[in-house]
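Quick mapping for you: the protein sequence lines, in order, are chains A and B. Every letter in the first sequence is one number past the one before it in the numbering used here, and letter 364, counting from 1, is 364. Every letter in the second sequence is one number past the one before it in the numbering used here, and letter 230, counting from 1, is 230.
Note that these hints are calculated values from the structure, not bench results. A portion of the hints provided could be inaccurate.
If you want the footprint, here are the derived chain B segments under chain A, 3+ residues with CB under 8 Å [said to hold, decoys possible]:
(1) 118-126
(2) 129-139
(3) 183-191
Heads up, the beta-carbon is just placed ideally off N, CA and C, and yes, glycines get one too.
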Amino acid sequence: MRTSHCSHNLGAAQFRSHVAISRERAGCGGRGKGVFLSCSSLWHGRLPHSSEAAADTSRLPGRSAWLCWVHHSALSAVICAPQLSKALITHPKHIPVGAPSHRVWSAGGLRSSCELHRTAPSPVRTPRVGGGQRCGVSRPPRIAGMVLKVFFPSCCSSAESGILIGRWIPEQSSAVVLAVVHFPFIPVQVKQYLREVQQVAKVSVSVLGSWNNSKQEKEESLSEFLEDLGTIFSHEPWIQISKEGDSKFWNCSTLQKQSDSHREEEIILVYYDQRKVMLSHLHPPLDTADLGAEDASKLSAIFNTVASSKVLFMTDRYDDGPIKMTHWQSDGVEASIIVELMKQASVPACMLLTFLLSLVSGVCNSRLLKFWPLSFLWSKLSTCEQLGHRLQHLQVISSSKKAQNQTQLMRKANIFVSLLIDVALGILLMSWLYRKNQIGHLADTLIPVADHVAEELQDLLQWLMGAPAGLKMNRALDQVLGRFFLYHIHLWISYIHLMSPFIEMILWYVGLSACLGLTVALCILSDIIALLTFHIYCFYVYGARLYCLKIYGLSSLWRLFRGKKWNVLRQRVDSCSYDLDQLFIGTLLFTILLFLLPTTALYYLVFTLLRLLVVIVQGLIHLLVDLIDSLPLYSVILRFCRSYRLAAGVKFRVLEQQDGKPLRLLMQINPLSYGSVVQTYRLPTYSCYPKDSWTSLCKKLFLGELIYPWKHKGEKQD
Amino acid sequence: MVCAQVETSPRRCWQKVLYERQPFPDNYVDQRFLEELRKNIHARQYQYWNVVFESGVVVQQLCSVCVFVVTWWYMDAGVLSPQGLFGAALLTSLLGYVLFDAIDAGVGRRESGRTRWADLKSTLVFTAFTYGFSPVLKTLTESISTDTIYAMSAFMLLGHLIFFDYGANAAIVSSTLSLNMAIFASVCLASRLPRSLHAFVMVTFAMQIFALWPMLQKKLKARTPYCYVGVTALFALVALVGLASVSSVGAVLFASLLLSVSCLCPYCLIRLQQLKDNIHGPWDEAEIKEDLSRFLM
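Isolated chain A, as found in the complex:
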């Protein structure tokens, strides 16, 4: 039989419905007669060809059926305990050769057999039938029609025989096996241990069934004996898995005690990697399809079961407890010295950091720094914003509360890694800056650059004062405005020249702050650009105010020209009878403003464009800072290295099949895509995007209102 290998990426939403394994059974022999039909339309072209096509395809209903786990009707029931002859509950190895290890358990005669057991000599451990009679523990009945799914950890495939413990989820008719308890054991101790585990882990762990791993041929006695165990650990249904030698195909069966009719159950065996499932974190689907939600919860039930049973996995085989188990950590609990050392060292480090941070924030919030000019300055400098943001991050990391859930843990880790990378890049930058007198070079080029910018501006103004682009400007106004702005530039140049001896020293000290992180260095760069282009900002404000005034005056006087007035009360334009002198002066002013409009508009246009250029440059720097701030590096690296930790869902791989044996699937974790990782774990940033839409921005530009494209979240909107 060829291996039918169909692995599909299944989201949690599709756990139940998209597992399309089509398997055709030839003939009706054997126990499980189930035909698994969940063929979604996705699978149409991709179904494996099970070549034993003695398949009567008439058995398959339509391929577009959305059913899962269709339970075949013609199954025979399993008859319960009474007629089986059981062996003593002993470890097979402890059976002394020839000892009569069989007892006949009569129907309902469990108590009598107890007495028998009490008197027997015991190199064997006898069970005390504590729960023998408690056969019918009330459990919610299984949903009829669902196929039984057994989730078996792959690490227990080679375990010795024993009983299976785990969790039974009746709503999904699935049994999640967590460990195998080996012989010898005392049932009462097992039950007590399970109760303790249940209390700690808050997961209902119970004994699910028996596991028979016989290295040689099938031992009838052992299998019968294991069936008898089902009466002691009453569980409905009692699952029996047996493996012969090195065969890959196992036998699975269930015992139903409650129903009388002998039904053959269809069982699916799903192997899962326990360690991976325990460590992974399931991400619910981002789109809330209604089918997705309930399916996601089914899958998350399984994941949660494994993840919460951590205490179960703490006992390994070298412990001296009464119970010997096999699970993924039974060869020894994983630990690494480095992690332990770091955990120990982190507590005092966190406390120290918290203390320092409280000092710093106390200084920052002091009254001294809240005086008006200073507070205004702080709010305008983006460096202070960035430092405040990082301070907040540090506070999050160094808080003494442990992370409540996965999201918080990831957030802390992301912040930590982001800070680390930031500081590392900053130190790198610093080492480059302070090497070979780069600061000096920078300072030397700064003054000529500023001079150059000023000269370019002067040329621009001279061009405007002439006849720019052939437009005819009003000469007088032109001259006035041009001279005003030229004087401004002259002032600026003198100021720069005055500062030139100190530039290098200032730069040197400012460059030191790059050790706080690359983002801080970028913010300082943005602030320096803002300071250097301050005169452009001033020009823009002058031009915009002048233009705004003119537009406002023109619109009002135009209404006067037509004999109308703006009614503030009714917010509409009404007619009005003006006085004669009002009319005269109004018309005169209107004429003057109208003819001076082109000049003002041109100056405004030029300076607005310059200002927008500067704003765009600053905006790009801020975008870069935002990127470094908000990228969840830790999550991305985790996704790259340990992709099973971030699970979007699972996929099933169909392993080799054999007739008469249950269907075997391998459950593999489907990792989250990089895009969803970034989207889910993005860190929030403090700045927001332009608050104006394009139309309102254009309208503001047209009317001459001042625009502030990059407004920070904390500022009040006016």
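For chain A, the structure is supplied; the task is to place chain B on it using the hints.
For chain B alone, kept in the frame of chain A given last:
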């Protein structure tokens, strides 16, 4: 309803209703059709000389525009000095001011409640403002081509003539707009003059001729019709003579325009009245003829 005898066989009377089934077709009418039709009941009978008299207003405005343009032409050519113009305008304004009050013996002033002091104040404000802004006014249109200026001024003056309040009760009338357009035109033209004093004088003169002169004429027309006719004729003559000194073709055209407006148009109006064909009937919209002011408190 009196039933009319119908030639046709049905004995029943035709009733002008549609809600009863009648043996007549739906669009049937009897001989009483349109007997309530009335024609031209609101048509007015015009007297020729009355209409000619009323057309004096239009003649006045045309002449004002003409005088203004001619004056500007003279100032531009340098024939008229600004001081001379200013003096003459001042004298005329004072004369007109005195006449304004003397015509109706102070009744109008008392009714409107406007004091002499308020008049003086507004004059001072206006003069100061114009004088202060005259340098700006002068350089306003330096970079605009002359043709544009002429076109704009012509357009504005035309608008002034269209929107002027000639006494008719029409929706298009807007005295504010017409005055503003005239001032705009005057500023445009004044900015072409050599010096700022010229501009100041021009604007002041425009104000006098477009704002103050029609006020005086309106009062004159109401009180002393014969005086008004004389003044109009004189004004028209002055305008013609002035225009003739600038351009004879223009003068001829202007004279013909004036004649047609004052003499020809009334004749056409009266002749065309006979071709009027307004029909009235019970289908007209109802008009409330009652005086509803008794409902006001």
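Hint check results:
no. : hint    : result
1   : 118-126 : holds (count 3)
2   : 129-139 : holds (count 6)
3   : 183-191 : holds (count 4)
When each numbered hint is compared with the structure, no violation occurs for any of them.
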